[in-house]
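Q: Respectively, the protein sequence lines represent chains A and B. Convert by adding 112 to the 1-based position in the first sequence; the result is the number in this note's numbering. Convert by adding 112 to the 1-based position in the second sequence; the result is the number in this note's numbering.
Don't take every hint at face value.
Just so you know, same-sequence chains aren't split out, so a pair can sit in one copy or run between any two.
To be verified - Dumping the calculated BS3-like pairs for lysine-lysine here, alpha-carbon to alpha-carbon at most 27 angstroms: (1) K190 with K259; (2) K226 with K259; (3) K259 with K298; (4) K190 with K298; (5) K282 with K190.
Source of the hints: derived by calculation from the structure; they are not laboratory data.
Protein chains: 2
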Amino acid sequence: MRIAVDAMGGDDAPGVVVKGAVESLAILNGHDVVLVGDSARIDAAARSLGGLPARVEILHASQVVRMDDKPIEALRRKPDSSIARCVALVAGGEADALVSAGNTGAVVAHATLKLGLLEGVRRPGIAVDMPSIDGYTLVIDAGANVKCTPEHLYQYGVMASAYCKDVYGKADPRVGLLNIGQEQVKGNPLVKEAGALFEDSALNYIGFVEGRCVFSGDADVVVCEGFVGNVLLKVSEGVADVIIEMLREAFQRTLRRRIGAKLCEYALRELAARVDCSEHGGAPLLGVNGSCMIAHGGSNSRAIANAIRSAAEAAAYHVNEHIVAGLHT
Amino acid sequence: MRIAVDAMGGDDAPGVVVKGAVESLAILNGHDVVLVGDSARIDAAARSLGGLPARVEILHASQVVRMDDKPIEALRRKPDSSIARCVALVAGGEADALVSAGNTGAVVAHATLKLGLLEGVRRPGIAVDMPSIDGYTLVIDAGANVKCTPEHLYQYGVMASAYCKDVYGKADPRVGLLNIGQEQVKGNPLVKEAGALFEDSALNYIGFVEGRCVFSGDADVVVCEGFVGNVLLKVSEGVADVIIEMLREAFQRTLRRRIGAKLCEYALRELAARVDCSEHGGAPLLGVNGSCMIAHGGSNSRAIANAIRSAAEAAAYHVNEHIVAGLHT
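All chains, please: the whole structure from these sequences, using the hints.
A: Rendered as structure tokens:
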């Protein structure tokens with residue numbers, strides 16, 4: 113397995129990406145990594161780590177897509193960007209999967225147009241793992257598609273269900289459709305029409321679910337349009353950060369509490385790790401004809417390493433074949 | 113000031129509502145409460161509390177709107193519901209404000225049609241206070257309106273800004289428009305068009321904000337359509353619950369941690385109270401010609417008491433006059 117990694121994507125690129133690529137070797141068995149980007153800068157980052165192992169190589173790309181570049185313009189004006197090169201490696205069969213923590217819209221646009229969509233798929237969707245009380249809930253779409261039709265939502269359910277089965281080994285994933293109430297009468301026309309498609313499907317559809325359900329563990333997959341999913345993701349991060357911050361402050365206010373907090377130190381670290389997105393690392397872009405993993409712009413090296421592992425797993429499990437089969441049943 | 117309270121609304125009605133009404137007397141100065149609903153059941157609840165104080169009276173209503181009733185049908189078929197009676201008291205000038213923890217859609221429909229909208233207002237919106245790192249952020253709309261136009265969003269900004277000024281005493285509230293990125297190119301057509309209206313306005317508009325911003329304290333008001341706001345609200349509750357639950361579990365796992373947790377007990381209680389919606393209690397339905405406070409269906413008596421206080425405050429501060437003035441500048 114060979115994974116193409118966008119070395120120029122993310123807030124701390126290429127440093128943390130190069131470090132993450134090296135770290136990934138410890139958690140991947142017999143996989144190779146191609147770091148794609150400005151070779152001089154990648155070299156410099158590699159030198160500061162004491163050089164690159166043999167299984168990590170560098171492919172030069174002369175351009176970088178910035179976070180504020182418009183995706184379609186980036187596609188046209190930056191044909192030699194690190195994102196374009198990564199996608200081209202997968203499209204040409206020279207890599208089995210790609211990972212980028214760069215401009216999400218640009219990754220989606222490049223992957224959609226250069227890899228193409230799987231047979232029958234209308235729109236790709238980003239599936240993000242959210243920590244729940246007893247595991248993880250896969251939320252799709254986290255922002256690939258801000259103008260959804262009911263059919264797009266239905267297909268997201270099929271795609272995420274296949275991913276959940278293959279990669280997480282869940283036998284019959286419970287699929288919920290995100291709404292503002294569980295009752296049939298609630299919601300906007302989009303979710304009401306999508307609900308009817310799910311009702312008629314072969315999926316293990318559990319009906320409308322509310323925002324709380326993402327964290328309660330009552331569903332394995334929660335489907336929503338990209339705008340809503342993106343808000344959900346960032347709101348969750350915001351709440352988690354603010355609670356942990358409030359907790360740290362409250363724990364420092366008296367000597368008694370400082371002693372107590374010291375005794376609970378590991379519990380607090382466990383919690384922070386549990387709600388930290390870097391533990392999972394990557395979100396698959398489902399629906400494209402290839403394996404494409406999108407990492408958080410704020411990824412640290414551990415998140416990059418985990419995203420590389422997830423990309424390899426998704427490719428190894430043949431998720432895409434099962435998505436196509438799922439759409440044709 | 114006289115507040116009409118829907119005694120039949122909420123998961124534990126009428127018990128907790130009657131209790132909340134009595135408790136509100138301690139935090140309200142010289143206000144009266146009218147408990148509206150099934151008088152036999154209200155009486156029974158009152159007796160178990162040792163009777164009602166003189167400042168709390170009962171008005172019988174023979175019907176109850178259930179949580180799964182369709183709002184418009186409830187309006188037509190249940191003319192003597194507790195919600196209809198509460199709204200009628202305000203419409204007829206016999207009460208200054210109303211509070212309900214019942215079917216939100218039904219409260220919105222009744223208030224909109226029977227109180228009418230303020231001059232120039234297109235749609236009412238529910239404004240909910242979310243705890244941020246250094247105070248509260250007012251999010252509007254939390255679910256009154258699932259089909260927004262750019263003008264609706266703009267008016268929500270005007271209304272919540274007026275409320276923030278009057279009730280919270282913030283001089284020039286910073287208003288952000290919720291989007292999936294801060295860059296101008298991001299988002300769906302709705303937010304892009306609404307953004308242009310905000311840019312041209314007299315509001316202290318700070319531009320597009322992301323979901324995290326609700327909790328960072330960077331904005332006083334965050335505007336979004338009802339579907340998104342409702343998801344945001346319930347996701348936040350879900351995250352907060354799951355983190356506090358994870359924390360409790362982690363703190364019980366070893367003896368060392370149990371001792372530490374004991375020393376930090378008050379810190380944990382402070383945190384739970386800080387993120388607990390019952391501390392604030394009510395969310396104003398802004399835009400209707402009257403003061404209408406919507407409480408959470410899961411409200412406890414403290415939340416009901418706080419909602420009654422908020423309803424009285426909103427009426428006392430003449431927020432509605434300032435909303436109308438704001439829309440005409």
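Q: As a check of your reading, is K282 near K190 (CA-CA no more than 27 angstroms) within one copy, between copies, both or neither?
A: neither (41 angstroms within a copy, 46 angstroms between copies)
Q: Are the CA atoms of K190 and K259 at most 27 angstroms apart within a copy, between copies, both, or neither?
A: Within one copy only: 26 angstroms inside a chain, 38 angstroms across chains, cut-off 27 angstroms.
Q: Within, between, both or neither: how does the pair K259, K298 come out at a Cα-Cα threshold of 27 angstroms?
A: both (20 angstroms within a copy, 12 angstroms between copies)
Q: Within, between, both or neither: how does the pair K190, K298 come out at a Cα-Cα threshold of 27 angstroms?
A: For K190 and K298, only the inter-copy Cα distance (19 angstroms) is at most 27 angstroms; the intra-copy one is 45 angstroms.
Q: Go through the copies and call it for K226 and K259: within, between, both or neither, with a Cα cutoff of 27 angstroms.
A: Within one copy only: 21 angstroms inside a chain, 35 angstroms across chains, cut-off 27 angstroms.
Hint check: a violation occurs at hint 5 only; the rest are consistent with the structure.
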